[in-house]
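Mind docking these for me? Both chains are given alone in their own frames, and the hints should help you get the complex.
Here is what each chain is made of, one letter per residue.
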Amino acid sequence: MAMNSVPPASAMQSVLRLLSIPGLKKLGVGPLLAALVLLAIVIITLLSPWLAPHDPLEMQPLLRLKGPMPDYPLGTDPYGRDLYSRVLIGGRVSLLIGIGAAVVSVLIGLLIGLVAGFFRMLDTIIMRIMDSLMAIPSILLAIALVALNGPSITSVIMAITIPEIPRVVRLVRSVVLTAREEPYVEAAQALGSSMPKILFQHLMPNTMAPLIVQGTYILASAILTEAILSFLGAGVSTEIPTWGNIMAEGRQYFRIKPELILWPGLMLSLCILSINLLGDTARDMLDPRLKKRGE
Amino acid sequence: MLGYIIRRILAIIPVMLIVAIFVFLLLRLTPGDPAAIIAGDMATPEQLNRIREAMGLNDPLLVQFFTWMGRLLQGDLGVSLISGTDVTTMIGQRIFPTLNMALLTIVIAVMIAVPMGVVAAWRHRSWVDYAVMSFSVLGFSVPVFVIGYLFILVFAISLDWFPVQGYASPTDKGVLAFLDRAILPALTLATIYVALIARMTRASMLEVLGEDYIRTARAKGVRESKVLFRHALRNAAVPILTVIGTGFALLISGVVVTESVFNIPGIGRLTVDAILARDYPVIQAMILLTSGTYVVVNLIIDISYTIFDPRIRY
Chain P
1 MAMNSVPPAS
11 AMQSVLRLLS
21 IPGLKKLGVG
31 PLLAALVLLA
41 IVIITLLSPW
51 LAPHDPLEMQ
61 PLLRLKGPMP
71 DYPLGTDPYG
81 RDLYSRVLIG
91 GRVSLLIGIG
101 AAVVSVLIGL
111 LIGLVAGFFR
121 MLDTIIMRIM
131 DSLMAIPSIL
141 LAIALVALNG
151 PSITSVIMAI
161 TIPEIPRVVR
171 LVRSVVLTAR
181 EEPYVEAAQA
191 LGSSMPKILF
201 QHLMPNTMAP
211 LIVQGTYILA
221 SAILTEAILS
231 FLGAGVSTEI
241 PTWGNIMAEG
251 RQYFRIKPEL
261 ILWPGLMLSL
271 CILSINLLGD
281 TARDMLDPRL
291 KKRGE
Chain X
1 MLGYIIRRIL
11 AIIPVMLIVA
21 IFVFLLLRLT
31 PGDPAAIIAG
41 DMATPEQLNR
51 IREAMGLNDP
61 LLVQFFTWMG
71 RLLQGDLGVS
81 LISGTDVTTM
91 IGQRIFPTLN
101 MALLTIVIAV
111 MIAVPMGVVA
121 AWRHRSWVDY
131 AVMSFSVLGF
141 SVPVFVIGYL
151 FILVFAISLD
161 WFPVQGYASP
171 TDKGVLAFLD
181 RAILPALTLA
191 TIYVALIARM
201 TRASMLEVLG
211 EDYIRTARAK
221 GVRESKVLFR
231 HALRNAAVPI
241 LTVIGTGFAL
251 LISGVVVTES
261 VFNIPGIGRL
271 TVDAILARDY
281 PVIQAMILLT
291 SGTYVVVNLI
301 IDISYTIFDP
311 RIRY
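If you're matching them up, the sequences are chains P and X in order.
full-length UniProt numbering numbers the first residue of the first sequence as 1 and each following residue consecutively.
full-length UniProt numbering numbers the first residue of the second sequence as 1 and each following residue consecutively.
Chain X on its own, in the form it takes in the complex (with noise of 0.2 Å):
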């Protein structure tokens, strides 16, 4: 188990390295004079030469990436070419609320869809079971801005239940506050991860739901509450958990289209901000830091198997 975990987590340098890799070619390898991408159209040639000081693109490419690297590994994620702050600050004062959203999110997504699969399952070709492939498929397909849009002008605007925009830490301004103004965002955010989970409860449940260990727990009289929930999801758990942790990646573009639709000052805002100014150094970061996240994510993920199917032995 310990070897597997090693070897897990060992493998995810080369995933990172070749992350990091893209990165940094993505910039040099564009057709044209980074600097000048990076100022824009009406740059003066001092800009142009701050921004080559800046970013050392005056040194051979190989030096570059190594001076590059060598800062990376001590967590320097260099400078922002804008506001002149250093990266990590930056990502340190906007990664709160993101991650706050991003827990409540999985947290009701995982709520409302693992019933809704298993419902879903158990009456299986009953108009539960259609309603629930109906919404799954509706959720994958309606735009996630467009959602939060018909939430804000129901819930927000015509019935008044919780204001329209705006974010309140839960920290300094109390869980209700936060939560009275998370839930919505949280709620748009959760539709396509909903849809995503819900299918994929349904299809493991329907395969458990099959096997003769279910029909001796009924024959035996177990409640159907019990059968369903303490027999069968057990079993089904293993691509429930796979799939949480590939929408993932869904959260993450959520996030940066759900922060500009609710004016949330997470990072998610941050990378939008940084791309529209071409502040490269926070964009590198952000691809970093989000493809980090997600490689760890699933890594957990994977460990956790064990935890829930006793069977898988690493």
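The following block holds chain P by itself, in its conformation from the complex (with noise of 0.2 Å):
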């Protein structure tokens, strides 16, 4: 049963209805296969409280480093605790993690964007913020956050939010500083539109498919730092398994069991590299002049 890892029937039939959209079809076997194991992998995580055949915290000294068993499928951590099982939950966090911070970062980069972009006053001022802020190493300003934050969650996303907002910032501000000389703003502007609907309902639709694209890989940069950040020490509480604690725990046991490390390490890079593909085709699709360019 714990080794059913194959998607559900749910799973397939929505991948069939998106095969049936015009123009899905030809994208190649990349794109698609990138879908399918982000789903897998989703969808694992997310069953991941019944797929898991023990309790992740389950600590069984007898049992410590142990390999592969009939009841322990990948073998068991220096705690004795089930590693098949600790991979499947520690998905959770990591993604939940990941989502958050790029929602978060997209949100207040597109909020400060459209005021930079739209008000000239402000504009030197933010982009020279924003410039500063990039010009810190987002590894360096995310651990020193989570140090002074305590390493809960949400101060996790804060500090892998922190960092990504100015690439935000700078892609919506310059979407918009180009979309402001349009007519139709101009016009918006002469019949007396209020600032508010020409930010939100005129120039921000011109933001939201660099967004999409930019989100995507801001996600897949977010659940990297997340387990980079937990790797060092820096991330969420020891205590909650997450892929970069599961490693990070992993690290002083490598020469004895390297899997500690390989397992969590693959989950982790399939789920980054399948949602880097996916952000590389809907930027081919949604900006096919990038694609021109062979960028």
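No lab work stands behind these hints, which were simulated from the structure alone.
Backbone N, C-alpha and C define an ideal beta-carbon position, used for all residues, glycine too.
A few of these clues could be false.
Okay, the calculated bits of chain X under chain P, using three or more residues with CB under 8 Å as the criterion [claimed, not checked]:
#1 86–100
#2 151–158
#3 209–219
#4 277–289
Listed below in structure tokens is the structure:
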């Protein structure tokens, strides 16, 4: 039962439904495979409480660092906990933090970017601050923030979000700067539309396509950063199994049992890889100019 | 040209000033008593007082800021709360392993990535191109510490070609001993950098290879290697240089992780240790130092554009 990692029927159906959308067929195998892998990871992660054969926190001192056994498909960790269950459950917090950080940074960045692009007075000041924030290496900033605010999930999300905001702001601002000169914006102004209406109804829709692409990349990088933070001991509290935390605990025992790092590392890499591939696909679909340049 | 350089150098001042203000406020605006945050939950009132005294936390915010800035401008980065050593001295002791590793990494990365990107663009849509692009997506997606441990597992443990961990100074122990220990961490660090540079080289080369002068060069019988590396690559160099500069931030983040994986006594380890011990003066200094390096590296790259592309005049 535990080995049943094939996506259930509902997932396959939704994939089939996706396939019947015209235009999606010519995408090729890569993006489809990426979507399938990501879907499988998300489903496994969501169902992990039921899929996991053991309590991921249950310690069995007699079963420390064992190899694979019928009951423990991937063996056990230094505290005798089931590695398979931990890797399954570990994705939950990692994905939660990734999605949280991506959503928050896109929303805040969108708001600041709209303001910076629209109000010339504020533009210089905001962009100076953003340039300075971008000069600080994101990992250092994030670990410093977690160290100061404590290892809670919210504080980790915040720590990952803040370094990502300037990139969103730059993107939104550049889109707004060009869109602002369009005749329809001038027309809306002439008609006496209110400023928030121009910002959110006329200018914001222009930012959506590039933001979806950027948001995907931020999601991938947020999941990566979370793992790095945990790995360095500056992530969420070690009692919570995340892919990063499992690897951090495996560091000392790497020579004895490299699987402690390899399995969560594999899940993490597959997850980030598929998100990045989907981001590339979304970019090619939404902005054909970039594809022509071959980037 | 000189005017441009001076203007670019002056433009660094506001950026670094904002970084400094930010770093300063980071601790002070965190909810709760900064001294208590630094000292941890088990601190005694005496310890708290000692920290407040050492960091001047009892003064008004503006006084604190100007005292701190004044010392900073004189090169005084403060004193470690844990060891009591001067932060400048601490950094001086730890910076050479990191500098040597970073240099080796950049050399390796450019030597691997630029030919990769050139060949991928030259054989556009061939298997080489797809292989390079797949590698580049992989390089972005596999966390640097996973790559590090994979390299250790394969090259140090299974094949036994290199030592597992450690560092040897090239000046004390010789270049060979340094390389023996530094190759694996440098390759680890280089992976993501290679991915980034190869991608940009390919994109930039693809654009240039479509130009008329490339066709002309080929038509007059210039050797293909010369067309690629002399005629095309030089014209494709500016975006590649830019990405080497912006990718420098990735390198700094990578250093922090790689030094932990390979047990290298550099400033990356110093930073992680300082953060875990909440040694705030060291954290402040490291953020300022790395941001400053990033800004200066990008300044140098901006100026070096003229060497590669004489059309750019300032």
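Ascending list of hint numbers which this structure does not respect: 1 and 3
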